[in-house]
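> Residue-level listing of the chains:
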Amino acid sequence: MKLACVVHRFGADIAGGSEAHCRAIAERLAERHEVTVLTTTATNHITWANEYAAGESRVGRLRVRRFPVARQRSLHRFAELSEVAFSRSASAEDEAGWFRENGPETPALLDYLREHGRTFDRILFWSFRYFQTFFGLPLVKDRAVLVPTAEDDPVMRFDSLGPFFSLPAGFVFLTLEEQALVARRADRPLAPSCVIGSGLDPAPSSPRARPSGLDVAPPFALYLGRIDPNKGCGTLLRHYIRYASEAASPVSLVMAGPANMPVPDHPRIRCLGYIDEATRIWLLSRASLLIVPSPYESLSMVLLEAWNHAVPALVNGRCEVLEGQSLRANGALWYRTYDEFAACLEYVFRHPDTARRLGRQGQAYIDREYRWPHVVGTLDAFLGSLATRAEAV
Amino acid sequence: MAPAAVKPEDRVSVADLMQEIEERVRGDRRSRLLARGGPREYEDKDVFATVDAALRRALEGRDPDVLLLPDLVGDDHDWRLQTHLTFASHRGAIGPLIIWVKRRVVLPLVRWLHEYNLENFRRQERVNRLLFTCVEELAIQNAKLTKELQDRRIAGLQEATTRTEGKAPEGIG
Chain A
1 MKLACVVHRF
11 GADIAGGSEA
21 HCRAIAERLA
31 ERHEVTVLTT
41 TATNHITWAN
51 EYAAGESRVG
61 RLRVRRFPVA
71 RQRSLHRFAE
81 LSEVAFSRSA
91 SAEDEAGWFR
101 ENGPETPALL
111 DYLREHGRTF
121 DRILFWSFRY
131 FQTFFGLPLV
141 KDRAVLVPTA
151 EDDPVMRFDS
161 LGPFFSLPAG
171 FVFLTLEEQA
181 LVARRADRPL
191 APSCVIGSGL
201 DPAPSSPRAR
211 PSGLDVAPPF
221 ALYLGRIDPN
231 KGCGTLLRHY
241 IRYASEAASP
251 VSLVMAGPAN
261 MPVPDHPRIR
271 CLGYIDEATR
281 IWLLSRASLL
291 IVPSPYESLS
301 MVLLEAWNHA
311 VPALVNGRCE
321 VLEGQSLRAN
331 GALWYRTYDE
341 FAACLEYVFR
351 HPDTARRLGR
361 QGQAYIDREY
371 RWPHVVGTLD
381 AFLGSLATRA
391 EAV
Chain B
1 MAPAAVKPED
11 RVSVADLMQE
21 IEERVRGDRR
31 SRLLARGGPR
41 EYEDKDVFAT
51 VDAALRRALE
61 GRDPDVLLLP
71 DLVGDDHDWR
81 LQTHLTFASH
91 RGAIGPLIIW
101 VKRRVVLPLV
111 RWLHEYNLEN
121 FRRQERVNRL
131 LFTCVEELAI
141 QNAKLTKELQ
151 DRRIAGLQEA
161 TTRTEGKAPE
171 GIG
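Going line by line, the protein sequences match chains A and B.
Per this note's numbering: the first sequence = residues 1 to 393.
Per this note's numbering: the second sequence = residues 1 to 173.
Isolated chain B (complex conformation) (with noise of 0.2 Å):
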């Protein structure tokens, strides 16, 4: 038999119940650190909710293929982890056989270490990935704050200029 019908009164909202367990681990995580020796500003809890979504908006948020910072780097080659290996050989006419060799003699022989390393070096890529998109969040939110502060000085001195120029000078009228 199936189970009864939930009644509207009974509903439960999985985003609330979510942002519930969401806050408490948060907490926990915080209360943790602090005891852990972990930095001090985490104190205020207000600045530790705020560092938490930002790490969380740029690791879930932003897209690491489609960053800026990469492109400023410079050349992919000089830095991106290469994992697929490539078979080359500066010898002319028995350049192929080495090249055969390498692939059907030695890589079966070194297969094992080959995977072993590959899989540690998808790790270090995905953190490098990981690093990137976190260091373009914080310069977008800083960028963002530096246009909002210098928006609000302009504000102010156009505020200002207008008091003064709508204030009759002394001495006149």
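So that you can see chain A by itself, here it is in the shape it has in the complex (with noise of 0.2 Å):
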């Protein structure tokens, strides 16, 4: 098959979730197909400057396809429509407007969907929000396939979503969660769609030294990823300070990720910034426990890795998608409020052997559901099941 892949920012440098899973998804079905990347010139997520060069080049087997952001985002601007589109008040033109503004505005990428659009046997666009995916996917809604990445935040009341869930040709679901919330929001019922997470390798295997400066000893807590407030972590800072100055014996907490919020003074709370591959995975096969206080996620990659290294979690019971996952892999703890995550930190740091099993299960769940060969096959399936629209006509 002729597919391409639509996303907002397309590189190796590029740290962001649905980024990250376009790329290693086209990466894998460029093994058995001809796929184009339709993207843009930008790498930075806050201001969408020009940045690569665009036009068209090869990334391995990739044929990248780079357009130029129109213009930058003004985040005042921004704040302001956010605020507008988000009250119940809104109409079709402000929520519009807020997609335009969300960005990357690349003009040049919808006018070539729709000259080149018909060329391409299925058309893969990654997130709903953005500006290429909202304008760009009516333009070929006949071999339209959506992988929303949606999460169940404001934007997500919009009523211009109704009927733009209608539109695509299929969808690719990260989670069970997240086709039943789009499912909700959708003006008919969903076209065909599969529910495939992502991929993951065997956890290699960790390094026995310590990586050299990091000076973190077991047993610890750990939360992993951008250190930021829509994160959950001031939530998640809150309720730790609290637990270690109430516990009789807390556990350290170790955060590590660029900060993008003040993280207090504290004995017990190590905050090591940007770390190196190797860093991850000696953290990762070490932790006692990985923390995920996210309020807003359709797919958590970090507690993948963290099952993946039978690592048990304790997870924001707030956000439907950690819980659901929770249950199904029988391998996280959950919780809403501060008691629950205080008792839960107590469990499993009075109960090893039962946190260890937790672990395991976890691991146990990611061998099942997702492997690599697993979920490309799944997906292969899928792209090859779908007839478009235009073929059945």
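By construction, these hints were calculated from the structure, which means they are not laboratory data.
Just so we're clear, the structure is a prediction, and the values are computed from it rather than from any experiment.
Hints should not be assumed to be uniformly reliable.
Said to hold, decoys possible - Using 16 Å as the maximum straight-line C-alpha spacing, the simulated EDC-like pairs for lysine to aspartate or glutamate come out as follows:
| id | chain 1 | residue 1 | chain 2 | residue 2 |
| --- | --- | --- | --- | --- |
| 1 | A | 2 | A | 34 |
| 2 | A | 2 | A | 380 |
| 3 | B | 7 | A | 353 |
| 4 | B | 45 | B | 23 |
| 5 | A | 2 | A | 142 |
| 6 | B | 102 | A | 353 |
Quick one: dock chain against chain with the hints and give me the complex.
See below:
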């Protein structure tokens, strides 16, 4: 098949979750199909400033076609538009304005889809919330497959999403909860879909020696990823500091990732900043527990990584996706309130044998559901079975 | 080396484990509330569990965007918090200039104050939505209980009537 993958940013140096998902899927699909990535010249997800050169290039087996961003995002303007669009009185124009300002605004990519869209058998679009998907997908809806990466956040309440989710010829979801969420918001029964999540290779064996300069000793609870209020880190820090003041022998909290918010100076909190891959593997293989405090997720890759290393987890139970994954894997506990957070932490550290079993059950879940051959096989069969409306006519 | 798989007999059920932890947390919370002079009704742990379940159902199970109560309260404009700024002027020709000054000169100077208030308005909006959801959940429960009571009364009356009609009057036969 001739496939196109449309995504807002693309490159080995791009850290975003949906971008990494798109790249990993596109590279594997390219082993069997002719795949073109249609993307932008942006690397910065805040400003969308043009940094890559526009035009066509090859990345391994992939043909990559980059389109310039017409204008950078104004954060103040975006914040004002968000307040309007997230209010219950927003009009369809307010919502369309939000998608335009969210960007990255790439009219040339839309022109390309208009002119050349029909030359592809299937066009996969990542993330409904970005310009190229919201405005581009309707142009090629008969062959469009949407990978929504939807989270239960205020954007999902936009009225314009009801008709939008009725457009694609197919959907690829990351979890069952995401599938149910999109089905609730769509005006009509959803087009055919599959749930694939993402793939992982078996965890590499952990280095025995601690990476030089890393001043961390087990046991510790680990937070891995961007330290950001939107990821639930404010609540995590408040809960942890209270727990540390009340518990008899609190375990340390290690936070590894770039910080977008102040982290309090606390004797039991270690904030490592950006870490390299070797340190990441060492931390994952030595952690007693991974904490995932995010209230919004369509799929938590870091949770899958922890299970890949047989590490149990404690997740935010207000996020349906995290709770659903924890139940299916039998690999994580969850909390909604501080009391539950503290009780779960205490349980894990007082019952190390049970905690180890939770981690191993998580790992067995990864082996069942998230190995690349299984994920790509499911997706490939789905794309093959999906008759485009154009073919059907 | 990968850790050994968990044998079927050693498997841990997260659902069971969480039920155990949540029950313990609920018990501790009830004791704490009673110790601080909370409602005496909570001395009955079944009452406490029912209240806990009802409030959780409201907070977690209901969609605050799809409720009857906000529709009945009336025009959104009269009661809903408006967190976004609107720039307007009633002055004809120089109106656009005034709006430009407000947006480009005044707003940057007071943005810090706007953003501080905005966060608090968002919290208040969230509390309002949660309260609406709780009130509606309680109204639904009340309606269901009222209906159940009425159904039982009607069933009781019908049973009594059937019994009376089936019984032969005295002195006949």
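> All the hints need checking, so say for each whether the structure fits it.
Now the hints, each set against the structure:
For the proposed pair residue 2 of chain A and residue 34 of chain A, the alpha carbon gap of about 5 Å is at most 16 Å, so the pair holds. Between residue 2 of chain A and residue 380 of chain A the CA atoms are separated by roughly 12 Å; this keeps the pair inside 16 Å, and the hint holds. Proximity of residue 7 of chain B to residue 353 of chain A is assessed by CA-CA distance (about 13 Å); at most 16 Å being required, the pair is judged to hold. Between residue 45 of chain B and residue 23 of chain B the alpha-carbon distance is near 11 Å, which keeps this suggested pair within the 16 Å criterion.
The suggested pairing of residue 2 of chain A with residue 142 of chain A holds, with an alpha-carbon distance near 15 Å, which does not exceed 16 Å. At roughly 63 Å between alpha-carbon atoms, residue 102 of chain B and residue 353 of chain A are farther apart than 16 Å, so this suggested pair is violated.
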